[in-house]
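J.: Single-letter residue listing:
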Amino acid sequence: MDKRLKNILMHPTAKGMLLLTPALVALTVFFVIPILRMFHLSLFDPHFTIKYYIAFFQRPVYMRVMWITVKISLIVTAVCLLVGYPFAFILSRAGEKLSKVFLVCIVLSMCISLLVRNFSWIIILQRSGIVDSFLMKMGITHHHVRLLHNLFSVVLGMAEILLPYMILPIFSVLKSIDPNLPKAAQTMGARPAQAFWWVTFPLSLPGVYAGFLLVFIMSLGYFITPALLGGSREMMISNMIAFQVQTVLNWHFAASLSMILLVATLVFYTIFNRVVGLEKLEDLGV
Amino acid sequence: MEADAKKLHAIEIIFGILVSIYLIAPIFVLVPMSFGPARFFSFPPPEFSVEQYIKFFHSGPWWRAIRISFEVAVLASFFATVLGILTCLAMRYKIPAKGFLNAMFISPMIVPLIITAVALYSFLSKFHLVDTVPGLVLAHTILTLPFVIITVSATLKGLDPSLEHAAATLGASPMKVFFKVTLPLIKRGAITGAVFAYMISFDETVVAIFLSSSHAITLPKKMWDSIRFSIEPILPALSTILILFAILMLVLLEVLSRKRK
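Protein chains in written order, with the working numbering: chain A, 1 to 286; chain B, 1 to 261.
Taking lysine-lysine pairs in the BS3-like style, the calculated list, with each CA pair at most 27 Å apart, reads:
no.: 1; chain 1: A; residue 1: K15; chain 2: A; residue 2: K3
no.: 2; chain 1: B; residue 1: K180; chain 2: A; residue 2: K15
no.: 3; chain 1: A; residue 1: K100; chain 2: A; residue 2: K183
no.: 4; chain 1: A; residue 1: K15; chain 2: B; residue 2: K98
no.: 5; chain 1: A; residue 1: K175; chain 2: B; residue 2: K157
no.: 6; chain 1: B; residue 1: K94; chain 2: A; residue 2: K3
no.: 7; chain 1: B; residue 1: K94; chain 2: B; residue 2: K180
no.: 8; chain 1: B; residue 1: K126; chain 2: A; residue 2: K51
no.: 9; chain 1: B; residue 1: K94; chain 2: A; residue 2: K15
Hint data in this document are derived by calculation from the structure and do not stem from the laboratory.
Sequences and hints are given; from them, build the entire structure.
T.: Written as structure tokens, this is what we have:
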């Protein structure tokens with residue numbers, strides 16, 4: 001090999017760039033360019049126009065989809081927090097065996113196919129399904145209860161999937177708190193509840209922020225659960241994008257919806273990065 | 001255990017158990033159901049039968065979907081692991097715009113799947129790659145790359161660079177240093193990353209809904225169609241097999257993480 005070329009290639013930066021090239025090319029061609037094409041599609045038809053964005057903000061139908069998306073995401077995040085925080089707290093104080101059992105349940109649930117998990121809620125909640133027939137048999141109701149294809153079933157299904165992403169960051173922060181701190185507060189006369197509210201809870205807030213933002217960001221772009229467990233009134237923005245592409249074939253509008261969802265996701269992700277930081281996420285065990 | 005048990009109230013233990021049951025509810029519902037009749041669903045199943053399993057094992061289309069999902073997942077996790085290792089090695093050098101590049105490599109994990117799915121659908125159709133195995137492999141390689149990068153870079157962080165320097169000073173070529181020193185040291189991170197990539201690809205639904213239709217139909221896409229349009233009576237049996245598969249994966253990941261310590 002030419003000696004000068006060899007010298008250039010031995011330079012650390014050149015070496016690094018060389019190693020980076022395959023992934024960089026793959027990612028640019030099969031991810032960045034397709035998304036940039038969507039951006040282009042949302043603004044040109046065939047000349048520059050912002051009518052697809054205007055349509056989104058003017059038509060009540062689409063604002064409703066946006067509102068439903070935010071509403072479902074907030075409810076799911078709140079449910080995950082209300083269930084996940086106490087669970088993480090119990091997990092952090094449970095004995096070795098019990099905490100192991102709980103952790104196995106969490107990780108196992110994350111390993112099970114998403115479709116299997118959604119399917120099981122259909123079986124549980126459908127007409128003449130497990131819950132419905134149980135209620136009828138017990139004589140609690142005399143006609144079928146509609147449990148599926150509504151807000152309740154979507155929240156139940158999504159929370160089951162997203163709960164681990166709330167529990168794990170909170171758990172690892174709680175686990176890292178020095179147990180002597182709440183103990184010290186109690187020695188100085190605080191009741192257990194006071195020690196929790198004034199010492200443990202404020203120290204656990206970084207985990208709460210991380211879990212909250214993580215679950216909220218993931219909810220915003222959720223597709224499978226609202227499609228399978230929701231009705232037409234639970235159509236979220238992802239489902240609207242799919243509908244525009246598959247049924248209406250309005251690619252320009254689908255592209256503008258995608259860009260709105262993308263910007264929303266990136267905004268919350270930036271906040272997440274400021275508050276938590278991706279490097280810390282690894283330490284949090286996610 | 002005694003002392004620990006005293007610390008928790010009975011209410012706390014009950015709450016913990018209820019949440020755990022909620023998290024793995026599919027197991028309690030679908031496993032018993034899979035041993036019921038294959039004509040209708042009722043819980044608990046009125047009679048014991050392995051009809052669903054027999055039907056499933058004789059179903060050509062389902063096995064074809066499993067084979068395609070397997071092919072796609074193996075190839076995608078292989079490519080993602082190779083690309084991921086190269087990227088992580090590159091990130092140890094002085095590179096311009098490293099922060100930006102890092103964010104870019106993680107982005108397929110952050111961008112909502114539906115956007116990736118629709119964008120790739122439109123892009124790959126230009127090259128007639130929609131509804132083909134190569135198209136799915138490409139998409140899943142990109143999607144799983146961030147997970148490999150995260151696991152491998154975590155292992156690389158704990159790697160002492162003086163080991164590689166020593167090998168190089170003793171006369172090993174860069175290739176030899178990589179295969180004899182670096183790769184054995186990051187092996188576990190790479191294997192964990194590859195397992196993650198495999199699991200994610202095998203279960204990936206959203207992109208597959210758009211990129212596979214009739215020819216290259218993956219298992220999640222076939223399940224999706226089956227759940228949406230006609231719940232086939234073999235689904236509980238298939239679910240049970242997938243749950244078993246998840247337990248195996250969990251054991252595998254546990255073994256991998258235990259060896260690391």
